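2 protein chains.
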Amino acid sequence: IPLSRTPRCSCIKINDRPVNARSLEKLEMIPASLSCPRVEIIATMKKNGEKRCLNPESKNVKNILKAIRKERSKRSSQKQREA
Amino acid sequence: IPLSRTPRCSCIKINDRPVNARSLEKLEMIPASLSCPRVEIIATMKKNGEKRCLNPESKNVKNILKAIRKERSKRSSQKQREA
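Chains A and L, in that order, give the protein sequences.
With the numbering used here as the guide, the letters of the first sequence map in order to residues 182 to 264.
With the numbering used here as the guide, the letters of the second sequence map in order to residues 182 to 264.
None of these hints come from the bench; they were simulated from the model.
These numbers were taken from a predicted model, which means no experiment stands behind them.
Honestly, I wouldn't trust all of these hints.
Pairs count within a copy or across copies, as identical chains cannot be separated in the list.
Each computed BS3-like pair below joins lysine-lysine, with the alpha-carbon atoms no more than 25 Å apart [what the hints assert, rightly or not]: (1) Lys247 x Lys207; (2) Lys243 x Lys228; (3) Lys228 x Lys240; (4) Lys247 x Lys228; (5) Lys247 x Lys194; (6) Lys232 x Lys207; (7) Lys228 x Lys251; (8) Lys240 x Lys194; (9) Lys194 x Lys251; (10) Lys232 x Lys251; (11) Lys207 x Lys227; (12) Lys194 x Lys207; (13) Lys227 x Lys240.
Let's have the full structure, built from the sequences with the hints guiding it.
The following block contains the structure:
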């Protein structure tokens, strides 16, 4: 069945080099949809604002997501100690 | 120690209502940084483009992240069956 809309994914290719959670400015997750049939995970790098598409199924992405989620409590308790 | 820059977080308040992974157009994760001392998770809703800030430490967010990551294989195999 041909799609009525041309699929428009943001990612052209997936970068398989592992990325460190600390080097990220932002991480975007775009679920599969009519306009793009696959999940897209787009990392924006702190250093130069470069955007990289990551592999949603990689261990690296799993770890990054966990690291970002967990980071808060660590940083905020550090803040309190510094204050 | 006063911060040299005014912190600028994107989220004013956290919405604790659980969100379904399927209703998301996009999910942004912004790690803690100098400009905002806490992790921010911003969900853009499919329905109306509304943005909601979610609690990074909630079980709901953990589940959403997992659901989005895992979704691909399911959808793409479904696509193959439909084609």
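So, going through the hints one by one against the coordinates:
no.: 1; hint: Lys247 x Lys207; in the structure: both (14 Å within a copy, 18 Å between copies)
no.: 2; hint: Lys243 x Lys228; in the structure: within (22 Å within a copy, 27 Å between copies)
no.: 3; hint: Lys228 x Lys240; in the structure: within (23 Å within a copy, 31 Å between copies)
no.: 4; hint: Lys247 x Lys228; in the structure: within (21 Å within a copy, 27 Å between copies)
no.: 5; hint: Lys247 x Lys194; in the structure: both (24 Å within a copy, 22 Å between copies)
no.: 6; hint: Lys232 x Lys207; in the structure: both (9 Å within a copy, 16 Å between copies)
no.: 7; hint: Lys228 x Lys251; in the structure: within (22 Å within a copy, 29 Å between copies)
no.: 8; hint: Lys240 x Lys194; in the structure: within (18 Å within a copy, 31 Å between copies)
no.: 9; hint: Lys194 x Lys251; in the structure: between (29 Å within a copy, 19 Å between copies)
no.: 10; hint: Lys232 x Lys251; in the structure: both (23 Å within a copy, 22 Å between copies)
no.: 11; hint: Lys207 x Lys227; in the structure: both (8 Å within a copy, 20 Å between copies)
no.: 12; hint: Lys194 x Lys207; in the structure: both (19 Å within a copy, 19 Å between copies)
no.: 13; hint: Lys227 x Lys240; in the structure: within (21 Å within a copy, 28 Å between copies)
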